[in-house]
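Chemist: Heads up: the sequence lines are chains A and B, in that order.
Per numbering that gives the first Met the number 0, the very first residue in the first sequence carries number 0; after that it's consecutive.
Per numbering that gives the first Met the number 0, the very first residue in the second sequence carries number 0; after that it's consecutive.
The set of hints was computed from the structure by calculation and includes no laboratory data.
Just so you know, even glycine gets a beta-carbon here, dropped at the ideal spot from N, CA and C.
Treat the hints with care, since some could be wrong.
[As the list claims (entries may be wrong)] No more than 35 Å apart at the CA atoms, straight line, and that leaves these computed lysine-lysine pairs for DSBU-like:
#	chain 1	residue 1	chain 2	residue 2
1	A	K17	A	K59
2	B	K11	B	K96
3	B	K96	A	K59
4	B	K73	B	K96
5	A	K129	A	K226
6	B	K73	A	K129
7	B	K11	A	K17
8	A	K129	B	K199
9	B	K144	A	K59
10	B	K11	A	K129
11	A	K17	B	K73
12	B	K241	B	K199
13	B	K11	B	K199
14	A	K129	A	K17
15	B	K11	B	K73
16	B	K96	B	K241
17	A	K129	B	K144
18	A	K226	A	K17
19	B	K96	B	K199
20	B	K73	B	K144
21	A	K17	B	K241
22	A	K226	A	K59
[Claimed, not checked] Now the in silico label distances, taken between C-beta atoms and shown as ranges:
#	chain 1	residue 1	chain 2	residue 2	range
23	A	N125	B	S135	48 to 56 Å
24	A	R14	B	G121	46 to 54 Å
25	A	A54	B	E81	17 to 25 Å
[To be verified] So these bits of chain A aren't anywhere near chain B, every CB distance computed over 10 Å:
#	residue
26	H83
27	F84
28	E92
29	G192
30	L207
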Amino acid sequence: MTELLRLDEVGKSFRGRKVVDGISFTLRQGRAVGLLGPNGAGKSTLLKIAVGLIAADSGKVQLFGGTPSWRSFERVAFLPDRGHFTRGMSVSEALQLAGRLYPGFNPGTAREILEDARISRGAYVNELSKGQEARFHLALCLARRPAVLVLDEPFAGLDILSREAMVEAVIGAIAGGVQSVLMSTHDVDDVEGLFDEVILLRDGGLSLWDEAETLRARYGSLRQMYKEVMRG
Amino acid sequence: MTLADLITFERKRWSGSPWRPTRLGRWLLAVIAVLWLVVSAVLARSGWMWMRTFAVSWLALIGILYAAPGLAAKAMVREWREDTVWWWLSLPAPREKLLLAKFTAILARWLRLWLLVFFYIGVYVTVLNAATWGLSWQVVVEQCKIVLGEGLLALALGPFLITIGMWMGIVRREARALIALMWLLLIGILNFQAQILGLKVSGQGSDIRVELTPNYFWIGLEFFAAYILAGVIFAGLVRWLKNRAYSRVG
Chain A
0 MTELLRLDEV GKSFRGRKVV DGISFTLRQG RAVGLLGPNG AGKSTLLKIA
50 VGLIAADSGK VQLFGGTPSW RSFERVAFLP DRGHFTRGMS VSEALQLAGR
100 LYPGFNPGTA REILEDARIS RGAYVNELSK GQEARFHLAL CLARRPAVLV
150 LDEPFAGLDI LSREAMVEAV IGAIAGGVQS VLMSTHDVDD VEGLFDEVIL
200 LRDGGLSLWD EAETLRARYG SLRQMYKEVM RG
Chain B
0 MTLADLITFE RKRWSGSPWR PTRLGRWLLA VIAVLWLVVS AVLARSGWMW
50 MRTFAVSWLA LIGILYAAPG LAAKAMVREW REDTVWWWLS LPAPREKLLL
100 AKFTAILARW LRLWLLVFFY IGVYVTVLNA ATWGLSWQVV VEQCKIVLGE
150 GLLALALGPF LITIGMWMGI VRREARALIA LMWLLLIGIL NFQAQILGLK
200 VSGQGSDIRV ELTPNYFWIG LEFFAAYILA GVIFAGLVRW LKNRAYSRVG
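Chain A with its partners taken away, still in its complex shape:
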């Protein structure tokens, strides 16, 4: 399988505090990789380093075989954990604009997700509920049909129905042609069957990286694995 992303001994410190400590892993084509860990484990920073938004202090990052640059974002869709893409726009205006900003943007895919989430196209983005807004942002990413979909804590603060809908949308996207997914979360319950591989971070370091099936066989479930490794 083609390697899309490779991190070798990547490290990052903020104000003298080590946030990411010598982490190495790869993301291969067609794989969904979960980045698990408690709050403050360095997941968000690691994702931003992986897509080239933040510079690593040490180590090497290779995205599509080269150094990440603005061109990478033609094939990578990154969904940050906070902030609005289009705070002051209506949903329909935002979709129209996204079609001009992102190459390969398919408004039909976005509309399907929005209809499913009962999001009116006339509504303003900043007036959507938290769950609707999260699904709207996910729709923007999925409609780009990216080679790599990078999601940073996409379920944080959402109710159970919204979380399930988001998971279904991601699964649908994987089946429908998004090639690889790298997703951070600390909410293990919702992603039990989503990942092919799991990476567990703790205090900025890599605690574990293995096939999800292997981990399920060894611990019974990802939730159990998470609890045992974190306690251990």
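Keeping the supplied structure of chain A fixed, place chain B upon it in accordance with the hints.
Modeler: For chain B alone, coordinates are given in the frame of chain A:
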């Protein structure tokens, strides 16, 4: 993705949603509007013919010059404060294009403000002030020349000040420090302008006269230096984004 698309993106982010000021904001706006009308009326009825034109237009000039770096700094600061920076930086466009689009959107917004302010001053000078005092056509034209000069000066300094504001918004993301810095910058610029424009106020009471004897060499030199500095700052900002230097502070 074209530059026009990015400019539309920047403009929509600010102006797409209907603006709803808070209750305090509505009161403040009302108080400012009433104060402005009172000051204008007092000045229009005061006996100091030249001074009232001078005061109203220079007050507006200070405001419009302050707005340029203010708007620019705010646009940069809010990217970090509202956590939209990662959406912005993950757009598939070169960094210089992202910054140029932001700069152009700020400039367009500032130009609208400039037009509004100098339209008001134009109406004030030619209608309110002239009609109240029955000024001759010759005096009105003379006053208009000063106002036009001030307006063009502000217009020419705008792009430079916007670049400075963008830099300030990145270097120092704390609003109070920014406001203090901008006032210092503005006082410095206005003081220098008064020197190179050869601003002279003579006479007393109702005979106060304001004259301009501009030194074109220094004005040219000032604009040359300002635009070179703006270019250097812009290049520095592009480099700063390309090197992802923002990630050093966390």
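Chemist: Next, verify each hint and record whether it holds.
Modeler: Now the hints, each set against the structure:
| no. | hint | in the structure |
| --- | --- | --- |
| 1 | K17(A) x K59(A) | holds (17 Å) |
| 2 | K11(B) x K96(B) | holds (17 Å) |
| 3 | K96(B) x K59(A) | holds (27 Å) |
| 4 | K73(B) x K96(B) | holds (19 Å) |
| 5 | K129(A) x K226(A) | holds (28 Å) |
| 6 | K73(B) x K129(A) | holds (26 Å) |
| 7 | K11(B) x K17(A) | violated (38 Å) |
| 8 | K129(A) x K199(B) | violated (60 Å) |
| 9 | K144(B) x K59(A) | violated (62 Å) |
| 10 | K11(B) x K129(A) | holds (21 Å) |
| 11 | K17(A) x K73(B) | holds (31 Å) |
| 12 | K241(B) x K199(B) | violated (48 Å) |
| 13 | K11(B) x K199(B) | violated (44 Å) |
| 14 | K129(A) x K17(A) | holds (32 Å) |
| 15 | K11(B) x K73(B) | holds (16 Å) |
| 16 | K96(B) x K241(B) | holds (12 Å) |
| 17 | K129(A) x K144(B) | violated (55 Å) |
| 18 | K226(A) x K17(A) | holds (24 Å) |
| 19 | K96(B) x K199(B) | violated (44 Å) |
| 20 | K73(B) x K144(B) | holds (33 Å) |
| 21 | K17(A) x K241(B) | holds (23 Å) |
| 22 | K226(A) x K59(A) | holds (31 Å) |
| 23 | N125(A) x S135(B): 48 to 56 Å | holds (54 Å) |
| 24 | R14(A) x G121(B): 46 to 54 Å | holds (52 Å) |
| 25 | A54(A) x E81(B): 17 to 25 Å | holds (23 Å) |
| 26 | H83 | violated (6 Å) |
| 27 | F84 | violated (5 Å) |
| 28 | E92 | violated (6 Å) |
| 29 | G192 | holds (28 Å) |
| 30 | L207 | holds (26 Å) |
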